[in-house]
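Undergrad: Below are the chains, spelled out letter by letter.
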Amino acid sequence: MMKNTSRFQLPQLSRSGVACAVLAGSVMLMAGCAGTPPTEQIAITKAAVAHASNAGTTQFAPVELQSAKDKLARAEQAMEKEDYALASQLADEALADARLAEAKSESAQAQKAAKDSQDASRVLREEINRKAQ
Amino acid sequence: MKKNHLFALTLISVSVLAGCSTMPQSTTLDNARTDYNHAQANPQVVKLAPLQLKEAGEALDRANAAQVSREDAKVVDSLAYVAQQKIALTQETAQRKSAELAVSNATAERNKLQLQARTAEADQAHQQAAMAELTAEQKTAEANLARQQAADAQAGAAQDQASLAAMQAQMDELNAKKTPRGMVITLGDVLFDTNRAQLKSGGERNVQKLAEFLKRYPQRTVLIEGFTDSVGSNSSNQVLSEQRAQAVSKALTDMGVSRDRVSTKGYGEAYAVAGNDTASGRQLNRRVEIMLSDERGVIAPR
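As they're listed, the protein sequences go chains R and A. Just so you know, numbering that gives the first Met the number 0 puts 101 at position 102 of the first sequence, and the rest follows in order with no gaps. Just so you know, numbering that gives the first Met the number 0 puts 139 at position 140 of the second sequence, and the rest follows in order with no gaps.
One thing to keep in mind: the hints can contain errors.
Stated by the list, open to error - As a list, the in silico SDA-like pairs of lysine to any residue whose alpha-carbon atoms are at most 25 Å apart:
| id | chain 1 | residue 1 | chain 2 | residue 2 |
| --- | --- | --- | --- | --- |
| 1 | A | Lys96 | R | Ile127 |
| 2 | R | Lys130 | A | Arg117 |
| 3 | A | Lys176 | A | Lys264 |
| 4 | A | Lys176 | A | Arg117 |
| 5 | A | Lys73 | R | Gln76 |
| 6 | R | Lys130 | R | Lys111 |
| 7 | R | Lys114 | A | Asn41 |
| 8 | A | Lys46 | A | Asn104 |
| 9 | R | Lys114 | A | Arg219 |
| 10 | A | Lys177 | A | Arg146 |
| 11 | A | Lys111 | R | Ile127 |
| 12 | A | Lys199 | A | Gly187 |
If you are wondering where the hints come from, they were derived from the structure by calculation, not from laboratory data.
Using the sequences and the hints, build the whole thing.
TA: This is the structure we're talking about:
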């Protein structure tokens, strides 16, 4: 089955070899190889990291938050050195880190709230049962 | 999206199988693929974080594509890292939403419990109010009864007092005197003809009053005692005293007083109340005394 698929797929891959090269080229172009500074991307990441820097993430996702801050700093340094490919790559990672940090923090807080809420329900249930006796 | 991803995986397998042994290996990308498979197998993630899972799949596709097109290992690693973070994000998102659902479920449960408790409390309050009302009614009834009894008692006391006062008034009219033996009415000698047992009309009026009194207080009886002075023989005095007592008794029974309530006794010249050496003393000794019994009809013996 796998072999059949392989035999069928191989020529297709060869045929699209040119397309592949073009794609790789464009990826390099997008990465900033051609010298276009990823200013917008840095700005977005900066805003995301700033937004993620709060008490919740400091408590519940300190590793991710620190990673996002470090990578953003390094991305900015790369910008200064005009290494736009590295800057873009680091900004991408920092953005993913910042978003994950926020998600982790929100999740932890929601889980805490769920536990509190369930505890409150349990207490109320017990209290009502006690009264009913 | 799953199809796309499968296609990408197929491409990789194809490349590997095709003998591209020079293709650089990325541990980060391998880990990302494993993580992604876990996320896809997690129904909670599929259900609660579909958008995040799609984005993670796209990020993984980009990393795979970079590897296929033999980009720099650092670029592949970086893209794989981003994919990994996005896969982790799907888990966190799913957990958050699940927790939020738990919060709202618990809140709903609490609201329900509180409503039930409040309903039960209201029912209890109704019951208590009904009980209180019942108790209040009972108390009112009790109070009314007590008031009635008090009023009755007061009325009874007033009646007793009134009847007592009336009796006293009648006794006063009869010139009754209180003695250690009880109430005594003395009919003096002047109410009889000399040496006769016949009552004069004045004496009859006194007896009439006594008869009325006896009719009014049917539980009382009388003992009629006759006395004389020392003039004359003992036997004649004895007879006279008996006759005079009987004369009063007859007058009473003639006036409607039952015979069994009246008894008589003659004492002759005994029990003198004054000296027989003067005319006035002898007059005091010639008398009929009527002893009134107590309420039970008892008369203390002389």
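Undergrad: Hints numbered earlier in the text: which of these fail when held up against the supplied structure?
TA: Checked against the structure, the hints that fail are numbers 1, 4, 6, 9 and 10, while the rest are satisfied.
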